[in-house]
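Protein chains: 4
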Amino acid sequence: MATSVAEPQTHSVRDWLYRQLEPRARVGQGLSPLNWALGLLILVVVTLSILETEPAIARGHERFFDDFEFAAGLIFLVEYCARLWVEVENPRYAGARFPRLRYALTPIAIIDLVAILPALFAFGGAPSLVLRFFRVLRMLRLAKLGRTSRAWEHIRDAMYERRFEFALILTMVGVVVLISGSLLYWAEADVQPDKFGSIPRALWWSVITLTTVGYGDATPVTTIGKILGGIMALCGVMFIALPTGLFAASFTEAMQRHREHCDREEGPDA
Amino acid sequence: MATSVAEPQTHSVRDWLYRQLEPRARVGQGLSPLNWALGLLILVVVTLSILETEPAIARGHERFFDDFEFAAGLIFLVEYCARLWVEVENPRYAGARFPRLRYALTPIAIIDLVAILPALFAFGGAPSLVLRFFRVLRMLRLAKLGRTSRAWEHIRDAMYERRFEFALILTMVGVVVLISGSLLYWAEADVQPDKFGSIPRALWWSVITLTTVGYGDATPVTTIGKILGGIMALCGVMFIALPTGLFAASFTEAMQRHREHCDREEGPDA
Amino acid sequence: MATSVAEPQTHSVRDWLYRQLEPRARVGQGLSPLNWALGLLILVVVTLSILETEPAIARGHERFFDDFEFAAGLIFLVEYCARLWVEVENPRYAGARFPRLRYALTPIAIIDLVAILPALFAFGGAPSLVLRFFRVLRMLRLAKLGRTSRAWEHIRDAMYERRFEFALILTMVGVVVLISGSLLYWAEADVQPDKFGSIPRALWWSVITLTTVGYGDATPVTTIGKILGGIMALCGVMFIALPTGLFAASFTEAMQRHREHCDREEGPDA
Amino acid sequence: MATSVAEPQTHSVRDWLYRQLEPRARVGQGLSPLNWALGLLILVVVTLSILETEPAIARGHERFFDDFEFAAGLIFLVEYCARLWVEVENPRYAGARFPRLRYALTPIAIIDLVAILPALFAFGGAPSLVLRFFRVLRMLRLAKLGRTSRAWEHIRDAMYERRFEFALILTMVGVVVLISGSLLYWAEADVQPDKFGSIPRALWWSVITLTTVGYGDATPVTTIGKILGGIMALCGVMFIALPTGLFAASFTEAMQRHREHCDREEGPDA
Numbered sequence: 001m002a003t004s005v006a007e008p009q010t011h012s013v014r015d016w017l018y019r020q021l022e023p024r025a026r027v028g029q030g031l032s033p034l035n036w037a038l039g040l041l042i043l044v045v046v047t048l049s050i051l052e053t054e055p056a057i058a059r060g061h062e063r064f065f066d067d068f069e070f071a072a073g074l075i076f077l078v079e080y081c082a083r084l085w086v087e088v089e090n091p092r093y094a095g096a097r098f099p100r101l102r103y104a105l106t107p108i109a110i111i112d113l114v115a116i117l118p119a120l121f122a123f124g125g126a127p128s129l130v131l132r133f134f135r136v137l138r139m140l141r142l143a144k145l146g147r148t149s150r151a152w153e154h155i156r157d158a159m160y161e162r163r164f165e166f167a168l169i170l171t172m173v174g175v176v177v178l179i180s181g182s183l184l185y186w187a188e189a190d191v192q193p194d195k196f197g198s199i200p201r202a203l204w205w206s207v208i209t210l211t212t213v214g215y216g217d218a219t220p221v222t223t224i225g226k227i228l229g230g231i232m233a234l235c236g237v238m239f240i241a242l243p244t245g246l247f248a249a250s251f252t253e254a255m256q257r258h259r260e261h262c263d264r265e266e267g268p269d270a
Numbered sequence: 001m002a003t004s005v006a007e008p009q010t011h012s013v014r015d016w017l018y019r020q021l022e023p024r025a026r027v028g029q030g031l032s033p034l035n036w037a038l039g040l041l042i043l044v045v046v047t048l049s050i051l052e053t054e055p056a057i058a059r060g061h062e063r064f065f066d067d068f069e070f071a072a073g074l075i076f077l078v079e080y081c082a083r084l085w086v087e088v089e090n091p092r093y094a095g096a097r098f099p100r101l102r103y104a105l106t107p108i109a110i111i112d113l114v115a116i117l118p119a120l121f122a123f124g125g126a127p128s129l130v131l132r133f134f135r136v137l138r139m140l141r142l143a144k145l146g147r148t149s150r151a152w153e154h155i156r157d158a159m160y161e162r163r164f165e166f167a168l169i170l171t172m173v174g175v176v177v178l179i180s181g182s183l184l185y186w187a188e189a190d191v192q193p194d195k196f197g198s199i200p201r202a203l204w205w206s207v208i209t210l211t212t213v214g215y216g217d218a219t220p221v222t223t224i225g226k227i228l229g230g231i232m233a234l235c236g237v238m239f240i241a242l243p244t245g246l247f248a249a250s251f252t253e254a255m256q257r258h259r260e261h262c263d264r265e266e267g268p269d270a
Numbered sequence: 001m002a003t004s005v006a007e008p009q010t011h012s013v014r015d016w017l018y019r020q021l022e023p024r025a026r027v028g029q030g031l032s033p034l035n036w037a038l039g040l041l042i043l044v045v046v047t048l049s050i051l052e053t054e055p056a057i058a059r060g061h062e063r064f065f066d067d068f069e070f071a072a073g074l075i076f077l078v079e080y081c082a083r084l085w086v087e088v089e090n091p092r093y094a095g096a097r098f099p100r101l102r103y104a105l106t107p108i109a110i111i112d113l114v115a116i117l118p119a120l121f122a123f124g125g126a127p128s129l130v131l132r133f134f135r136v137l138r139m140l141r142l143a144k145l146g147r148t149s150r151a152w153e154h155i156r157d158a159m160y161e162r163r164f165e166f167a168l169i170l171t172m173v174g175v176v177v178l179i180s181g182s183l184l185y186w187a188e189a190d191v192q193p194d195k196f197g198s199i200p201r202a203l204w205w206s207v208i209t210l211t212t213v214g215y216g217d218a219t220p221v222t223t224i225g226k227i228l229g230g231i232m233a234l235c236g237v238m239f240i241a242l243p244t245g246l247f248a249a250s251f252t253e254a255m256q257r258h259r260e261h262c263d264r265e266e267g268p269d270a
Numbered sequence: 001m002a003t004s005v006a007e008p009q010t011h012s013v014r015d016w017l018y019r020q021l022e023p024r025a026r027v028g029q030g031l032s033p034l035n036w037a038l039g040l041l042i043l044v045v046v047t048l049s050i051l052e053t054e055p056a057i058a059r060g061h062e063r064f065f066d067d068f069e070f071a072a073g074l075i076f077l078v079e080y081c082a083r084l085w086v087e088v089e090n091p092r093y094a095g096a097r098f099p100r101l102r103y104a105l106t107p108i109a110i111i112d113l114v115a116i117l118p119a120l121f122a123f124g125g126a127p128s129l130v131l132r133f134f135r136v137l138r139m140l141r142l143a144k145l146g147r148t149s150r151a152w153e154h155i156r157d158a159m160y161e162r163r164f165e166f167a168l169i170l171t172m173v174g175v176v177v178l179i180s181g182s183l184l185y186w187a188e189a190d191v192q193p194d195k196f197g198s199i200p201r202a203l204w205w206s207v208i209t210l211t212t213v214g215y216g217d218a219t220p221v222t223t224i225g226k227i228l229g230g231i232m233a234l235c236g237v238m239f240i241a242l243p244t245g246l247f248a249a250s251f252t253e254a255m256q257r258h259r260e261h262c263d264r265e266e267g268p269d270a
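Chains as they are written, first to last, in the working numbering: chain A, 1 to 270; chain B, 1 to 270; chain C, 1 to 270; chain D, 1 to 270.
Okay, chain A solo, but in the shape it has when bound (with noise of 0.2 Å):
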């Protein structure tokens, strides 16, 4: 503590600008003053991104989203600087070479600068394909506020623990589907050759049934098909019940283990 006295004024600066960028080195609860400002100004500018793609709103107001989109992006680029030049002040790169490069190819700073560049030039004569694309590009800007919460790394954590079981799952998920698609194309590629005439067009309705969303778009009409679907609607649930069954025993048992620790803490005579 007395040894930061000594410390260089840009140091006290940089050091109070990281506190307040970083959630992990908040030394106070919550979040700071300048990440809730930053993470409204992210829910502003991301409902205005959406509004401005319905011309029943936007139409007339063109000139204002663009300014206010322009404005945003020199705002944003701001913080992303202002993160690179604090990021030196963070312990996990302590020691190492180049702490700024190593941040700026982290995955979550590539998203930053990816969710920016696209509102700080004019793409006039971009075709529309393009131009929406870099419109989604935008959303991404919502990522950053998972940085702002801690609560994120437990859950990812907690899903890493158990990532074995949910990858195996999702292969029983994928053959499945490819089994429930093929049979089903084995049924009714001659009633229905635009819905079932492939594999790969069967699969849709093979997703849409095991994932018991049902649209309706594509449904069996032979019986046979009818059969096949009827199971597969089956295993629809079960495919809903594993995944669900799983995550509850995480929870469960992350919330005893918490339990159990807090009991130890209080002593043998809680």
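Heads up, the list lumps identical chains together, so a pair's fine if it works in one copy or across two of them.
When the alpha-carbon atoms are kept at most 25 Å apart in a straight line, the in silico DMTMM-like pairs for lysine to aspartate or glutamate are as follows:
#: 1; residue 1: K226; residue 2: D194
#: 2; residue 1: K195; residue 2: E62
#: 3; residue 1: K195; residue 2: D217
#: 4; residue 1: K226; residue 2: D190
FYI, nobody ran anything at the bench for these hints, they're computed from the structure.
Please build the complex by placing chains B, C and D on the supplied structure of chain A, with the hints as guidance.
For chains B, C and D alone, coordinates are given in the frame of chain A:
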């Protein structure tokens, strides 16, 4: 105890009525006879309010429905005033100024009043949208049923304890709904402008798919849209799995805590 | 054991038949040979009752189906009478008056009789609605399968233990279904009077959405209706999550109790 | 160890190949290089088999797909013969007669052979239904992926342990499906004879509703049919809740047992 002997007669009547109306103040098990009667009346009135909106049932009986509505409104108004009167007995407001005003400003009392008033006024010349709005307001009486049950508080407390996890899951749901809607807008806007022509329009598809409802009024038709839609349908299963798993873990923990509590009371030789 | 030597022959036959018919009285494991045969006959008769209703299958074989139905009805009538006869052996009715009448008035015996009788009479001139009703009644024979299994009782007991929580969830479901139906009636009645023109009509949409079935025969088309509908679809996920979480917790608790019971029996050195 | 010095060279090769092919016999962690290569080949072949059925992709490349199919079939045939050859090393068949014949009659070996054979023969003149059937058979190769994973056995064992409960739930599902189909047949047969004209036809609606898939190709239109249908939709939620709750409890129990096992091994001072 002995001090209450000197209390005036009014207190006894008010105290008796308070214990009749407030489930928490009830000495015996179950509901008081008065709350039973009020609960039954709510169910009858709500059922009639529902049937009244169906022309095939109400035609020719408008007078009966209107009169019944008005009579029930009067009874509920008397109940509301009685609750105001007895609220000074509530230990929660012991020593506080204006206990009746404090009660009148609680959410449940405001809902009460809002649900009563429309029944007492005629809206002859009002447009159908306003008329229907007041009819729907009467449904709020169902919320009064909640007051008659202590079990509501348990479930509310259990959810309150895990409010951060539920808020996190709700945020995740929101982010995934926005991103999936944006992606489908990118893929399908040219082919189906009326259903995916803007992100707000695509959000309808997004919510209906991720909750696995799947009406089928908006479905992707392009290959890339179907691939993205299939991935979103699989994410939808996760959306059901996460809150379900969390509920399961919360309930399991609550039951275990209750059981351990019972075991401890029975002593170590259980 | 030795005392039974003096018992008359009738008792032995009745006692043997009682142990054959009543699963709880069975000494060995699994089902008795007689119950196996009866269970199999139920499955065959139910399958034929189902196929009989399909003209593409039944045409030209009406005689065969009718004769089989009649023969099976006779066998089930003999079984019913046999059960009445042996019921005096049931320890539940030991010392009670009219044990056979008491048995005949139990729900399972009444269902038995109701499912048998329609098979023994011809309904030549009856209208199709009545004819179909008696055909559906025969399906009740499936309920007899439940009697052959002791496991049904376990699941029934587990649900009975949590009956208050399930009743609470059912009430919540009912309230949310009513309120969401009312809101959609308010938003959509002018635009789609045939589907949302009254609250009873809107309730069909409400139930189908909140259970995430989502047929798509009634969907909101106005903006406000779609916003409300989207919120209701998200509530629907909660409706699946709550009872599922409760079942999961109940099953987990039952398994743990069973395991602790086993541990205790094994002794502390397990 | 020292005794194996005297063994002939053949044994070493067969033993090495056995440990390469059989995951349970593997000394190191993860999959053997040979099984990695075979798993990858299966994925490639299955992907091509799927794409081959889509005319928009396969047109003009039929020769390539056929040749690749044939080559992959030869490789899998060699693998099959190799597995037969090394199976004498399997300790499961130690001392048994005809270990290779015993292996060849296991379900996994039969599936293997059935999936290989169609690729090696041409079916030029066969009708499209037969052709498609053999194409779908090739999907069975995916089942071979299961052999490369030890985790499948864990999930299989967990389900096997609770097989009575799952059988009971499956029976309940069957009974409710039959009864709800019969009721809708009773209510809707006159109005929609093509969809509810017989119980087998109504069962399609019944399965699709109770699994909450809800295509919307068959929906009740009468008032009584809608009331019954709404109740069935609510039952459908129970159908998802019951197996999910059971899975959750099974997984929770398995994790707890595993944890207690670990605690015990660490000793009481953990």
